[in-house]
Amino acid sequence: RKEVEQDPGPFNVPEGATVAFNCTYSNSASQSFFWYRQDCRKEPKLLMSVYSSGNEDGRFTAQLNRASQYISLLIRDSKLSDSATYLCVVNINNAGNMLTFGGGTRLMVKP
Amino acid sequence: EAGVVQSPRYKIIEKKQPVAFWCNPISGHNTLYWYRQNLGQGPELLIRYENEEAVDDSQLPKDRFSAERLKGVDSTLKIQPAELGDSAVYLCASSSGLHYNEQFFGPGTRLTVL
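Top to bottom, those sequences are chains L and F.
Note that the first sequence covers residues 26 to 136 in our numbering.
Note that the second sequence covers residues -3 to 110 in our numbering.
Chain L extracted, bound-state conformation:
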C-alpha cells in the first residue's frame, strides 16, 4: 500500500464548477500536510498547508481528518488556470523535512 494515495483522475469540470479531491495517508504518525500544485511539464509548487482546524485561501479550502487519515482540497468557482495536477504531501516527522508525495490528481477545467 502506498503511503499517500490519491485518485489520479482526470477530473474534467466546466468553468465555475466546484471540485473536491481526497487523499489518504497510511502513517498515523504523520505530522503535517500540504497540497502542492504541478503544471504540465513544470515543477511542483506549494499551494497550501493543511491545518487540523481546516484552512481557506481564496477559492481553495483544505481539510484534515486525522481519525480517518484523509486530507481534502476543495476548489470553488474553477478557473481554466486551475488545470494542473494536485499533489497531496505528508510530512511524517516535523523534526526532519521528509515529504512524501502522493501520485497526484489531475484536474482539467473546460470552458
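Please note: incorrect hints may appear among the correct ones.
Unchecked claim - Far from chain L by the CB rule (all over 12 Å, computed), these chain F residues:
no., residue
1, Lys7
2, Gln13
3, Leu87
4, Ala89
5, Glu98
6, Leu107
What the hints assert, rightly or not - Example chain L residues on the side facing chain F (calculated, C-beta under 8 Å, incomplete):
no., residue
7, Pro33
8, Gly34
9, Val44
10, Glu68
11, Leu71
12, Leu124
13, Phe126
14, Gly127
15, Gly129
16, Met133
Claimed, not checked - Take a look, some chain F residues computed to stay more than 10 Å from chain L by CB distance:
no., residue
17, Gly68
18, Gly81
19, Ser83
Don't read these hints as lab results, they were simulated from the structure.
Cβ coordinates follow ideal geometry from the N, Cα and C atoms, glycine included.
Starting from the known structure of chain L, arrange chain F on it as the hints suggest.
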C-alpha cells in the same frame, strides 16, 4: 531572487552510458533534495543533504547512483551505467532551516534512456 537551477534540462542517452545532473539551490538554503518523478507519479526522494552531509540516502540505488555536494552548495547526481528504467524527470529542490516544509523545486532534468 533566483530559483533552483538545474542543468541540463533534457538528456537523451543510450543504456549503459553514464549521465550527470547538476543543481544549484536557492542561495542560503542548507537543505538540498534530489527526487525522481516517473510519468503519472509523484516525486520520490532519492537523497537529502543538510549542507554537505547526506542525511538520508536510503532510497538511492547505490549500485549505479551517486551524488555529491562537496562544498554544501551545488550538487551533482550521477548514474553509471544508466538503464532503460532510469528514464524519468530528476528534480532538485531546496529548503531553508526555517521553513522545511516548503521545498522549492528546480525545473528538472528529463532523462530518456534508449
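Hint check:
The Cβ of Lys7 (chain F) sits about 15 Å from the closest Cβ of chain L, beyond the 12 Å cut-off, so the non-interface label holds. Remark: the non-interface label on Gln13 (chain F) is consistent with the geometry, its nearest Cβ contact in chain L lying 24 Å away (cut-off 12 Å). The claim that Leu87 (chain F) is not at the interface with chain L is violated, since a C-beta of that chain comes within 12 Å of its own (minimum 6 Å). Not every CB of chain L is more than 12 Å from the CB of Ala89 (chain F) (nearest about 8 Å), against its label as outside the interface.
With a least beta-carbon separation of about 5 Å from chain L, Glu98 (chain F) fails to lie farther than 12 Å from that chain, contradicting its non-interface assignment. For Leu107 (chain F), the non-interface assignment is confirmed: its Cβ lies about 14 Å from the closest Cβ of chain L, beyond the 12 Å cut-off. Taken as an interface hint, Pro33 (chain L) checks out: its beta carbon lies about 7 Å from the nearest beta carbon of chain F, inside 8 Å. Interface restraint check: Gly34 (chain L) against chain F, minimum CB-CB distance 10 Å, threshold 8 Å, status violated.
The restraint placing Val44 (chain L) at the interface with chain F is violated, with a minimum CB-CB distance near 19 Å, outside the 8 Å limit. Below 8 Å, beta-carbon pairs count as interface contacts, and Glu68 (chain L) has one with chain F at about 4 Å; its hint therefore holds. With its C-beta approaching chain F no nearer than about 5 Å, Leu71 (chain L) sits inside the 8 Å limit, and its interface hint holds. Here the hint on Leu124 (chain L) is kept, as its CB sits about 6 Å from the closest CB of chain F, short of 8 Å.
With a cut of 8 Å, the hint placing Phe126 (chain L) at the interface with chain F holds, because the nearest CB-to-CB distance is about 3 Å. Interface hint status for Gly127 (chain L): upheld, as the beta-carbon distance to the closest one in chain F is roughly 5 Å, under 8 Å. Checking Gly129 (chain L) against chain F: minimum C-beta separation of about 5 Å stays under 8 Å; hint holds. Because the closest C-beta pair between Met133 (chain L) and chain F is about 15 Å apart, greater than 8 Å, the hint is violated.
The Cβ of Gly68 (chain F) lies farther than 10 Å from every Cβ of chain L, with a closest approach of about 16 Å, so its non-interface assignment holds. No beta-carbon of chain L is positioned within 10 Å of the beta-carbon of Gly81 (chain F); the least distance is around 18 Å. Non-interface call for Ser83 (chain F) relative to chain L: holds, since the shortest CB-CB distance, roughly 15 Å, exceeds 10 Å.
Violated hints, listed in ascending order, are 3, 4, 5, 8, 9, 16; each of the other numbered hints is respected by the structure.
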